[in-house]
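**Student:** Sequence:
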Amino acid sequence: MFFLLPVSDPYLVSPSFAKARELPKAVPIPAPAPSRNGTREPLGNNAPIQKPAPQKDERVYQVACPALMNGDVEGKLQPPLGDGPQCGAHSPLSLTAIGKTEPLKFANAVTTNCAMAVTLAQWSDNVKQAAKETYGENIRITEIGTGPGYQCRKVNGATEGRVSEHAFANALDIMSFKFSDGSGTHLESGWNGSEREKKFWHAVHKSSCELFMTVIGPDGDEAHRTNMHLDQGCHGKSCLARICQ
1 MFFLLPVSDP YLVSPSFAKA RELPKAVPIP APAPSRNGTR EPLGNNAPIQ KPAPQKDERV
61 YQVACPALMN GDVEGKLQPP LGDGPQCGAH SPLSLTAIGK TEPLKFANAV TTNCAMAVTL
121 AQWSDNVKQA AKETYGENIR ITEIGTGPGY QCRKVNGATE GRVSEHAFAN ALDIMSFKFS
181 DGSGTHLESG WNGSEREKKF WHAVHKSSCE LFMTVIGPDG DEAHRTNMHL DQGCHGKSCL
241 ARICQ
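full-length UniProt numbering applies: residue 1 is where the sequence shown begins, and numbers increase by one.
Because the hints were derived from the structure by calculation, they are not lab data. One should not assume that every hint holds.
[Said to hold, decoys possible] The calculated DSSO-like cross-link candidates involving lysine-lysine, where the alpha carbons are at most 30 Å apart (straight line), are:
no. : residue 1 : residue 2
1   : Lys206    : Lys100
2   : Lys198    : Lys76
3   : Lys105    : Lys128
4   : Lys76     : Lys51
5   : Lys178    : Lys198
6   : Lys154    : Lys132
7   : Lys132    : Lys237
8   : Lys128    : Lys178
9   : Lys206    : Lys128
10  : Lys105    : Lys76
11  : Lys199    : Lys105
12  : Lys206    : Lys105
13  : Lys105    : Lys154
14  : Lys76     : Lys128
15  : Lys198    : Lys128
16  : Lys132    : Lys199
17  : Lys199    : Lys128
18  : Lys198    : Lys100
19  : Lys178    : Lys105
20  : Lys100    : Lys132
21  : Lys199    : Lys178
22  : Lys178    : Lys206
23  : Lys198    : Lys105
24  : Lys76     : Lys154
[Said to hold, decoys possible] Pairwise CB distance ranges, derived in the manner of DEER restraints:
no. : residue 1 : residue 2 : range
25  : Lys51     : Lys237    : 43 to 51 Å
26  : Lys154    : Gln62     : 22 to 30 Å
27  : Gln129    : Asp83     : 35 to 43 Å
28  : Ala223    : His202    : 18 to 26 Å
29  : Lys132    : Gly161    : 37 to 45 Å
From a predicted model like this one, the values you see are computed outputs, not experimental measurements. Every residue gets a Cβ at the ideal spot worked out from N, C-alpha and C, and that includes glycine.
Please model the entire structure based on the sequences and the hints provided.
**Tutor:** Okay, here's the thing in structure tokens:
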């Protein structure tokens, strides 16, 4: 004997109906991709914020030179110089002439710092006066021959010892002069040459010692037989001592 029971819940009647009524499962979240080092990067709010890389400051901070601004020398400001930890100049100048009135031209542009430029402008007046007193009132200097200005090396090109002032663009070597009458004089032959040449070079040497902190000529050492070294280096604790040889 069978009995029929009333069924109010369709899930009890048909399993397929019950399966159809199942709620959809949650959409799976993909796993984060592995990073370059093999670990998985966190997602969402836990991910680190990437800050933009700081911009490099491309500006070059240099110092203006009054001698160049006032027209006491002719030339232009150069980019900073740097040759290793011991050599360089922050605001070097490339000079082509010195002096405001009747400027004295260099045979080749020389690289110096501002301190040298200021003093060379003053020195030019003394040199012009020495030429007039020696060679005649109408004689003008048309060209100055020099050795190097800036040069990364030790004193006298030695392999050891202290660094030369040339390594800071703080020195210049004077070698020769040309005059408006076509004549000229070189330090190597003129220091002990004719009376006029001797008078001129010794006058240049004397006036140089009054302006520069270091002056070394042929009487100083063999290395300066051909060139008169001028620089504005520091001597003594107060930097007021001068060397004149």
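**Student:** For which of the previously enumerated hints does the structure constitute a violation, in increasing order of number?
**Tutor:** Those not satisfied are hints 2, 4, 6 and 7.
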